[in-house]
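Enquirer: This is what each chain is made of:
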Amino acid sequence: DAGVIQSPRHEVTEMGQEVTLRCKPISGHNSLFWYRQTMMRGLELLIYFNNNVPIDDSGMPEDRFSAKMPNASFSTLKIQPSEPRDSAVYFCASSYRPPNYNEQFFGPGTRLTVL
Amino acid sequence: GDSVTQMEGPVTLSEEAFLTINCTYTATGYPSLFWYVQYPGEGLQLLLKATKADDKGSNKGFEATYRKETTSFHLEKGSVQVSDSAVYFCALYMDSNYQLIWGAGTKLIIKP
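Protein chains in written order, with the numbering used here: chain A, 1 to 115; chain B, 1 to 112.
Simulated from the structure, these hints should not be mistaken for lab results.
Positions of the beta carbon are idealized from the N, C-alpha and C atoms, including for glycine.
A couple of the hints might just be wrong.
What the hints assert, rightly or not - Covered stretches of chain A, as calculated for chain B (at least 3 residues, CB under 8 Å):
1) 48 to 60
2) 68 to 82
3) 102 to 111
To be verified - Only some residues are given here: those of chain A computed to face chain B with a beta carbon under 7 Å:
4) L43
5) L45
6) F91
Said to hold, decoys possible - Here are some chain A residues the structure puts well away from chain B; computed CB gaps all over 12 Å:
7) V4
8) Q6
9) P8
10) E11
11) G16
12) Q17
13) E44
14) D63
15) R64
16) S95
17) V114
18) L115
Just chain A, with the same shape it has in the complex:
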């Protein structure tokens, strides 16, 4: 199994630009999580999908952030417009509901730099 796949691995953009991060979960997993990691705030859960449906987006910082999961094998996290404070590493993780729902498998992350 290839594991969780994220692209791009690195993204450098200028303030005001749209940024789209992509994630392919592990085949057969039906839960998907987007996290943001920074030195200041640590690891933050942004949004959680179950069976492609957003269940909890209370961690999404503001309306500039949106996430979609059009099918079981693909999700996107979009920031429009981007700001320098959005600079962080964004992780996607997936898991399979019972019996091992509580084990999340993380992708390698996308390091976003907004200038």
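Start from chain A and add chain B according to the hints.
Expert: Using the frame of chain A, we list chain B on its own:
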């Protein structure tokens, strides 16, 4: 609410030293407990877990015992290696919730 508290880092040790990273939790029920590890430039990966009181999780020489009486899940290793240098995250999971509750992470630096 549920929470996890880890010792602050960085923790710096010499190779072959004994390691302890403290983790305590607050939960209203009976959570499952986890240690995840993040190597430089990578995502988090599960290191070990314990699902009920007195369970001991172990992997790659690391161990942690689920202590209900002290609400703790301390990570230990008898002899660390340079390759163990990473950030270690303690986390809990409740069946009534869908998400892991994460500690802040502890950076471990092992010097040769």
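Enquirer: For every hint, state whether the structure bears it out.
Expert: Against the structure, the hints come out as follows:
1. 48 to 60: holds (count 4)
2. 68 to 82: n = 0 at 8 Å, threshold three: violated.
3. 102 to 111: holds (count 8)
4. L43: 5 Å, holds
5. L45: 6 Å, holds
6. F91: 5 Å, holds
7. V4: The claim is violated: V4 (chain A) sits with its nearest Cβ about 7 Å from chain B, within 12 Å.
8. Q6: 8 Å, violated
9. P8: 14 Å, holds
10. E11: 15 Å, holds
11. G16: 28 Å, holds
12. Q17: 25 Å, holds
13. E44: Incorrect as stated: the minimum Cβ-Cβ distance to chain B is 9 Å, not above 12 Å.
14. D63: About 22 Å separates D63 (chain A) from the closest Cβ of chain B, which puts it past 12 Å; holds.
15. R64: Its Cβ never comes within 12 Å of chain B, the nearest being 23 Å, so this holds.
16. S95: For S95 (chain A), whose nearest Cβ neighbour in chain B is about 9 Å away, the distance does not exceed 12 Å, so it is violated.
17. V114: Consistent with the label, V114 (chain A) stays out of reach of chain B, its closest Cβ about 20 Å off (over 12 Å).
18. L115: Fine: 21 Å to the nearest Cβ keeps L115 (chain A) off the interface.
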